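Undergrad: Please put together the full structure from these sequences, using the hints given.
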Amino acid sequence: MSRILRTEPSQVFSKAVEYHGFVYTQGLVPTNPDADIRAQVANVLGQIDEVLELHGTDTTRLLQAQIWLADISDRAALNEIWSAWLPEGQAPARALVQAVLADPRWRVEIMVTACK
Amino acid sequence: MSRILRTEPSQVFSKAVEYHGFVYTQGLVPTNPDADIRAQVANVLGQIDEVLELHGTDTTRLLQAQIWLADISDRAALNEIWSAWLPEGQAPARALVQAVLADPRWRVEIMVTACK
Amino acid sequence: MSRILRTEPSQVFSKAVEYHGFVYTQGLVPTNPDADIRAQVANVLGQIDEVLELHGTDTTRLLQAQIWLADISDRAALNEIWSAWLPEGQAPARALVQAVLADPRWRVEIMVTACK
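Chains as they are written, first to last, in the numbering used here: chain A, 1 to 116; chain B, 1001 to 1116; chain C, 2001 to 2116.
FYI, nobody ran anything at the bench for these hints, they're computed from the structure.
Check the hints yourself; a few may be wrong.
Some chain C residues close to chain A (C-beta under 7 Å, calculated; not the full set) [what the hints assert, rightly or not]: (1) Pro2009; (2) Gly2021; (3) Thr2031; (4) Asn2032; (5) Met2111.
Simulated DEER-style distance windows between Cβ atoms [unchecked claim]: (6) Lys1116/B - Glu88/A: 36 to 42 Å; (7) Glu1080/B - Ala2084/C: 38 to 44 Å; (8) Ser1002/B - Arg105/A: 18 to 24 Å.
Keep in mind that this is a model prediction, so the values were computed, not measured.
The beta carbon of each residue, even a glycine, is placed where N, CA and C say it ideally should be.
TA: This is the structure in structure tokens:
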């Protein structure tokens, strides 16, 4: 058995879990829930940067991403911030759908799988 | 090529698939669809226990979970049963959104990735 | 660090990403958006065939699938095409929910994880 590393485990979820060179993040949500979509996306991507760094990796090593938007019409705004954030030629596989999120103020939730 | 192990494969999906020390479960749904949210969640978590055991692992080895609720306002009830079920300090990374599920009586669907 | 291989990386997402024997596809969507549900599903499954082949694998090596339907009542039609496509006894773990997709004409989006 390889070791499992958990970042900020609560009794409900961990912020990230690492195993065998793979890093799985929580569905990260904005800590600035009253901001607009662009600022909420930037906030979540900043959290991803931090958690990847904690696990010794970065945005050049993203494998898969799932994105939920509270309103699918925010997709263009999301993509603008998202594509500026990604290193050139390093985009993960991605799925994007609309969903009702746990807090009605959240406009975006993003979960990624990365590797080291 | 490592061997792939499939539990209860139908022509539509397998209950779980194991490869290279990783175990992927189906999006598990309640077999007690007329019960309330707490009983439905407990039912699904019991199925996860069983399928993890079949693959030689358990709830201390959860990496990632996705949860869909038919009604996001059931989140507190879900978290109550979920957090009592998880071993202390071993929570997976998790994403939770609301979605219309295949059977209108289902209030919850849970899919996990674990390791051995 | 193992090498990451990306198929058709854009600045937003890659069609597939391979790492350490795992292949993650994008949430693939129909290129025939005005067709009916059966034809849209067949179109997406054909794209999965192509991308798996590019990564040296095939439908006998599917681990996990996520399917989003714009209308959950299309599930029977989806399952009909899906189950005919899968090799016998080789179904992946799967989750299926309804979601609003990015283009209102898309009736289905499918993302899979496979191995080599």
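Undergrad: For every hint, state whether the structure bears it out.
TA: Against the structure, the hints:
This hint holds: Pro2009/C has a C-beta 5 Å from the nearest C-beta of chain A, less than the 7 Å allowed. Because the smallest distance between the Cβ of Gly2021/C and any Cβ of chain A comes to about 11 Å, over 7 Å, the interface hint for this residue is violated. Annotation: interface hint on Thr2031/C violated; nearest CB of chain A at approximately 16 Å, more than 7 Å. Given hint, Asn2032/C at the interface with chain A, is violated; its Cβ is 19 Å from that chain's nearest Cβ, farther than 7 Å.
Interface restraint check for Met2111/C: the shortest CB-CB distance to chain A comes to about 5 Å, inside 7 Å, so the restraint holds. Lys1116/B and Glu88/A have their C-beta atoms about 37 Å apart, which keeps the hinted 36 to 42 Å range intact. Separated by about 42 Å at the C-beta atoms, Glu1080/B and Ala2084/C satisfy the suggested range of 38 to 44 Å. At roughly 44 Å, the beta-carbon separation of Ser1002/B and Arg105/A lies outside the given 18 to 24 Å, and the hint is violated.
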